[in-house]
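Colleague: The lines below spell out each chain.
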Amino acid sequence: MGYISKRAIVRGFASGSAVILGCSEIGEETFIDEFVYIGYPRRDKLLRSPRKLSNLDSLSSGTRAGRGCIIRSHTVIYEDVEIGDRVEAGHYVLIREGSRIGSDSKIGSYAKLDGKVEVGSNVSIQSGAYLPHLTTIENGVFIGPGVIVTNDPYPVSRKLLGVRIKEGAIIGAGAVLIAGIEVGERAVIGAGAVVTRSIPAGMVAFGCPARIMMTREEYEEKKRMREEAGD
Amino acid sequence: MGYISKRAIVRGFASGSAVILGCSEIGEETFIDEFVYIGYPRRDKLLRSPRKLSNLDSLSSGTRAGRGCIIRSHTVIYEDVEIGDRVEAGHYVLIREGSRIGSDSKIGSYAKLDGKVEVGSNVSIQSGAYLPHLTTIENGVFIGPGVIVTNDPYPVSRKLLGVRIKEGAIIGAGAVLIAGIEVGERAVIGAGAVVTRSIPAGMVAFGCPARIMMTREEYEEKKRMREEAGD
Amino acid sequence: MGYISKRAIVRGFASGSAVILGCSEIGEETFIDEFVYIGYPRRDKLLRSPRKLSNLDSLSSGTRAGRGCIIRSHTVIYEDVEIGDRVEAGHYVLIREGSRIGSDSKIGSYAKLDGKVEVGSNVSIQSGAYLPHLTTIENGVFIGPGVIVTNDPYPVSRKLLGVRIKEGAIIGAGAVLIAGIEVGERAVIGAGAVVTRSIPAGMVAFGCPARIMMTREEYEEKKRMREEAGD
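So the sequences go chain by chain: V, H and E. Position one of the first sequence corresponds to residue 1 (the working numbering), numbered consecutively onward. Position one of the second sequence corresponds to residue 1 (the working numbering), numbered consecutively onward. Position one of the third sequence corresponds to residue 1 (the working numbering), numbered consecutively onward.
Among the hints, a few may not be true.
A pair holds if it fits inside one copy or across any two, identical chains being indistinguishable in the list.
What the hints assert, rightly or not - Listed next, the in silico DSS-like pairs over lysine-lysine satisfying Cα-Cα at most 25 Å (straight line):
#1 K106 <-> K52
#2 K223 <-> K159
#3 K45 <-> K106
#4 K116 <-> K159
#5 K159 <-> K222
#6 K166 <-> K222
#7 K106 <-> K159
#8 K223 <-> K116
#9 K6 <-> K159
#10 K52 <-> K6
If you're looking for bench data, these hints aren't it; they were derived computationally from the structure. Quantities reported herein were computed from a predicted structural model and do not represent experimental measurements.
Construct the entire structure; sequences and hints are all you get.
Modeller: Set out below in structure tokens:
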């Protein structure tokens, strides 16, 4: 099928089966792939309106993507999302309303930004990472595959508490971050860790629950030795 | 493309690219979104028949969804699934044959009900949760994002053993539940826990392996204090 | 929509909405389902070319699938993938360029082969498993749901190190395997384990971090007792 709203401005290229709703703006050289849905209406709008594409289109506030982005197949981006320039999304990425993504960031396949999520520039979010409402990811952060961030210290509560991951931090694959913690600048979390407390800047933590094991400098030294070695 | 079986009864609205097979019944005001597949045939039927859409359609027993449901984009629901009223499915949800979902339940994006899974009413299953064949989820249960339930104590064995999660229980994000255990009524499992034994009703357990740490009453008291505090 | 390259040879059946690019070869009785994308171009090609389907088609080297395969809905397979006979892919499977999959293997829904991944014959990869670039899975291996394999001991480094899982090994649900380790022949990893060191052939390990707990023979004996018992 494919459907592009009359209100949408598409300066890049939209594939034949893509659906683009509302007054979305797609920048020059930005590519919207097959089976992609852009400008998906938030839940309350879906609930209160007759659910036909033409209605959804007129209800959608659209979404904005900059220049030179690649939005790969089967991805869904809700309305009211702001995407910078040269952002890349993998396949099956889901970005909910209110999220913002800085320029030159990459969002891996199956990753979900589930609510208002702030993502800086030059961020790398690997496949399948889950970032809930109120998560903040600063510039240059690396989020490994399958990382789960939470936002409710005592589910199910009325008061959510976002996690902040500060500039240059690295979160290893499959780590679970408990609601409300902060991962400091350049801190590193090991793969498979369960992080129940804030980790100070420049520290490396791993285990279940995660404990501080070394400094980022020591970590970089180990990395350098391995890269120079033969293995 | 889109395809709706001549045997299907669609009282709600099916989007243009949706595929609905067999004698599926879709209730009033139920919305079937773009790129959704309903009534997908079980494996043995796929294996033994020429795989053209018209054949698959004639083989499919269809699926039944009640009134006022929302089945979001890119979701796949197999044949022989029973869905109550006002059920919501996120994007990329996968529900295999034989599953039943009670009214007013929500199934998050990327969640998979992988075989015969019983889900009660007012259940909330968050994004990416994995519920295998023989899992039972009672009314009012909350399953956090990325939870993995298993059904084989010694893989790969011939005798599967389902997990039962009883009324009002809460399973934290990323928890892994070992085959055959039971999570009692109103019990709580912490995020990232690996649960190797049954947890009695009203108890709170976390860690790897999970140990009982407090009662649900103590947990509710901590929650209340936090909600009332300023942080 | 649907699109089949003029250069592609489809001996099986391709559904109406499927996209097949480049000189892909699809064997007899192989089924390409709805919303599937085959022959997806690698990143560097996407970056340097005008992104229209006709361009992508002419850039794609295509992919090769043998006879009697089932590629279920919403799956994406990149170019330069080699798939044997009677391989089954679930829904939302993502296989990147350079991967090879032996005959009679099954790749579960949401599983991702993220780069050059070698998969033997008779392998079972369950839902949502993540296998990065340089992973090797030998014949007859079982990978449980939600398993995360990594390839970078000190992210983000320039020197990646693949994990090798040897013949007949079993990896339990939700396990995390650290870059560079080897899981020996017939070894078993328990559900939820974080595996930081190589596990010798015939050993069973679990926990965070994983420790050797018994032999495969003892494991099989426990399994046999349970299968014969009433529970």
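Colleague: Each hint needs a verdict: does it hold in this structure or not?
Modeller: We went through each hint and held it up to the structure:
{"no.": "1", "hint": "K106 <-> K52", "result": "between (32 Å within a copy, 21 Å between copies)"}
{"no.": "2", "hint": "K223 <-> K159", "result": "between (40 Å within a copy, 9 Å between copies)"}
{"no.": "3", "hint": "K45 <-> K106", "result": "between (29 Å within a copy, 17 Å between copies)"}
{"no.": "4", "hint": "K116 <-> K159", "result": "within (15 Å within a copy, 35 Å between copies)"}
{"no.": "5", "hint": "K159 <-> K222", "result": "between (41 Å within a copy, 13 Å between copies)"}
{"no.": "6", "hint": "K166 <-> K222", "result": "within (22 Å within a copy, 28 Å between copies)"}
{"no.": "7", "hint": "K106 <-> K159", "result": "between (30 Å within a copy, 20 Å between copies)"}
{"no.": "8", "hint": "K223 <-> K116", "result": "between (35 Å within a copy, 23 Å between copies)"}
{"no.": "9", "hint": "K6 <-> K159", "result": "neither (40 Å within a copy, 48 Å between copies)"}
{"no.": "10", "hint": "K52 <-> K6", "result": "both (16 Å within a copy, 21 Å between copies)"}
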